[in-house]
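Q: For the protein sequence lines, the chains are Y and P, in the order given. Sequence positions in the first sequence follow the working numbering and run 1 to 498. Sequence positions in the second sequence follow the working numbering and run 1 to 146.
Read the hints as simulated data drawn from the structure, not as lab findings. If you're wondering where the values come from, they're calculated on a predicted model, not measured in any experiment. Honestly, I wouldn't trust all of these hints.
[To be verified] Derived BS3-like pairs: lysine-lysine, alpha-carbon spacing no greater than 25 Å straight-line:
| id | chain 1 | residue 1 | chain 2 | residue 2 |
| --- | --- | --- | --- | --- |
| 1 | Y | Lys104 | P | Lys68 |
| 2 | Y | Lys104 | P | Lys7 |
| 3 | P | Lys61 | Y | Lys56 |
| 4 | Y | Lys22 | P | Lys68 |
| 5 | P | Lys61 | Y | Lys104 |
| 6 | Y | Lys22 | P | Lys61 |
[Unchecked claim] Some chain P residues judged to face chain Y by a derived CB distance under 8 Å, without partners named:
| id | residue |
| --- | --- |
| 7 | Ala76 |
| 8 | Phe83 |
| 9 | Thr98 |
| 10 | Gly99 |
| 11 | Leu100 |
| 12 | Ile102 |
Glycine included, every Cβ here is placed at the ideal spot set by N, Cα and C.
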Amino acid sequence: MSVLPLAILTPFTFIILTLFIKNVRTRNFLSVTLAIINLGIAIYILSAVNSSEMLKTQMGSWPAPYGITLVADRFSAFMLLMSAVVFLAVTIYSVQSIDYERLKNNYFLFTYGILMGVNGSFLAGDIFNLYVWFEVMLMGSFILISFGGERAQLEGAIKYLILNLISSLFFVAGIGILYGKMGSLNMADLAYKFSLTGDFPSLFEPSLILLLVGFAIKGALFPFFFWLPASYHTPPPAVSALFAGLLTKVGIYSLIRIYTLFLHYYDYFWNPIILWMGILSMVIGVITATAQFDFRKILSFHIISQVGYVIIGLAFFTVSGLAAAIFFLGHNMISKTNTFLVAGWVHRETGTLNLKNLGDMFNRNTLWGVLFFISAFSLAGLPPLSGFAGKYLIIKAGIENNQILVAMVALFVGLFTLFSMVKIWIEVFWKNTPKQEFSEKELPKAKYLPFGYMITGSIFLALAIIVMGVWAEPIAGFCEKAATDLLNNQKYINFVLQ
Amino acid sequence: MNNNNFKNIILENIVTLFMKVMVIYSFYLLLRGHNNPGGGFIAGIIASTGFIFFAIIHGTKALQNIIKFQPQLFIASGLSLVFIAAFLPVIISKEILTGLWIQTKIPVWGEFHLGTPLIFDTGVFLVVIGVILTIVISIMEVLKWN
């Protein structure tokens, strides 16, 4: 048996077990254990893919164009590993951060539902199957975002739910039209059929546009991003960290997959669209973030801007551009999640995330300050952290591709990112606590020593950021191989259909 | 039927019968499902429709008395069956989810096929019943509709 189904069966096992177990402590223990097992499986898949190029499983022994295929190439293996790292950190963090009431009501069941959907989407070799995994993931996220039923939370949940349902509608409508035209759902088979059509695009445009819009909504790209900052600051911090790390990135993963398999045959039409979506997401995300004064809202707007970097890397459509996009995607998952984790600690300590009321957190707990410094300035792109390597690769790819203007915009956006991060750093960690807020009651100094599950999860991610920054060269080399595989889609087609 | 002492014996008995018919019919649909219209999902929906009718007339307490287990346990056991059906082929080193079949001849019946898709469908059947009953019972309890 191939190892690929294990990535889906592990979360499924947890879901079954947690329904039988009533004790909250046992459940917590089990969730952390299975998150570690999931990380182990992801590492195993990565090493297997690295030695044997690609892996596949034909579920139910039905051969490729008819049955459901699970495929892992280097790109999906890399994404699996990154999501496993993020998931492990958030799980450890949640054990302490999420309140007892939510834990008792099977909080981890739904996070594992998300993990199952995410792993499935990364492995899906069949476009309808991809849709099904998206739905699995969305079910979990719908429940998590409204879980607990606080007032602000429901407001965000409604926006999130409606926009994501619309995007699912577009996605499945696109699949339907595509299937009507091509008679196949297997992505490799579809790509093969696209390659035969030559320049005869008009037949497919509606379905491809629907697919692109669906993924753009999921990935929070420029004209469709507004649901994200409206909803990500409402659920408990651990949940928004999980969403920031995993959900939008799956939309971007699918967009890259679809672009390299189908859309690039008509790239005279698609390339400018993708490029401008990327540029505008980048610029608008970062400029709107400067106007915000809520910790998590700033970070939410930055998700949009960071996703733009990935998309311009895709739009360059060279080996270096795609490699940079993959590297940046991985870097962004861990750094962004860790900033949200720090926001969760600040919220737990002070009960607010409004920058105007916060201050002096660095003296409260130095270690958390350092953790925020690492992740935020990795986002801003300071060496030797992972963001520096990511931005360097993107800008280098832009210059090599003669897109000097785009590269300049990316640099400029990096400056604004730095501005936002410095703003959070100064407002939350450096400046003195505003007097009027805490005059009546003195807040206790450092409720607990700097250990515990929350800080363990955050340290784990911070170490991952440093590792990714310091050992950027081998990782970028791996991403380059992944990008070569993506560009040479004949290899993917042959491997799946053989 | 909650605050006044209105009690309609005919309705209560008919609904009880109706539920039994629906559950039996759902088993029929479950068993014919592989080659004919039917299967775990629709069978689960039909069985839970019967249970919901029963709950509307008799109240959720009475429903919980006749189904004996928590609906969550239905979900859990259904998912376990799905897992077993998916994982059995792996043990004899085939791809996951491959259908395994036993073919025998039973004297009166004739050809008799039994396979992992039936286990899978039974799992789906239990999950659908569990999910629908969880949703409906909690809504009815919140609205005090019993």
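Q: Do the alpha carbons of Lys104(Y) and Lys7(P) lie within 25 Å of each other, as the hint requires?
A: Cα-Cα ~39 Å, so violated.
Q: Measure nothing beyond the straight line between the CA atoms of Lys61(P) and Lys56(Y); if it is 25 Å or shorter, mark the hint as holding.
A: violated, 49 Å
Q: Does the CB of Ala76(P) sit less than 8 Å away from some CB of chain Y?
A: Since chain Y brings a Cβ to about 3 Å from Ala76(P), closer than 8 Å, the hint holds.
Q: Measure nothing beyond the straight line between the CA atoms of Lys104(Y) and Lys68(P); if it is 25 Å or shorter, mark the hint as holding.
A: The given pair, whose Cα atoms are some 23 Å apart, holds under the 25 Å limit.
Q: Given Phe83(P) as an interface hint, is its Cβ closer than 8 Å to any Cβ of chain Y?
A: holds, 6 Å
Q: Checking one constraint from the list: CA of Lys22(Y) to CA of Lys68(P), max 25 Å. Satisfied?
A: The hint holds at about 18 Å.
Q: Does the structure keep Lys61(P) and Lys104(Y) at a Cα separation of 25 Å or less?
A: At roughly 23 Å apart (the allowed maximum being 25 Å), Lys104(Y) and Lys61(P) satisfy the hint.
Q: Is the hint on Ile102(P) kept, meaning its closest Cβ partner in chain Y is under 8 Å away?
A: Cβ of Ile102(P) sits 17 Å from chain Y, so the hint is violated.
Q: With chain Y as the partner, please determine if Leu100(P) meets the hint condition of a C-beta pair closer than 8 Å.
A: violated, 11 Å
Q: Need the status of pair Lys22(Y), Lys61(P): alpha-carbon distance at most 25 Å?
A: holds, 22 Å
Q: Restraint: Thr98(P) near chain Y, CB-CB cut 8 Å. Satisfied or not?
A: This interface hint holds because 4 Å falls under the 8 Å limit.
Q: Once the shortest beta carbon distance from Gly99(P) to chain Y is found, is it less than 8 Å?
A: holds, 7 Å
In summary, the numbered hints that this structure violates are 2, 3, 11, 12.
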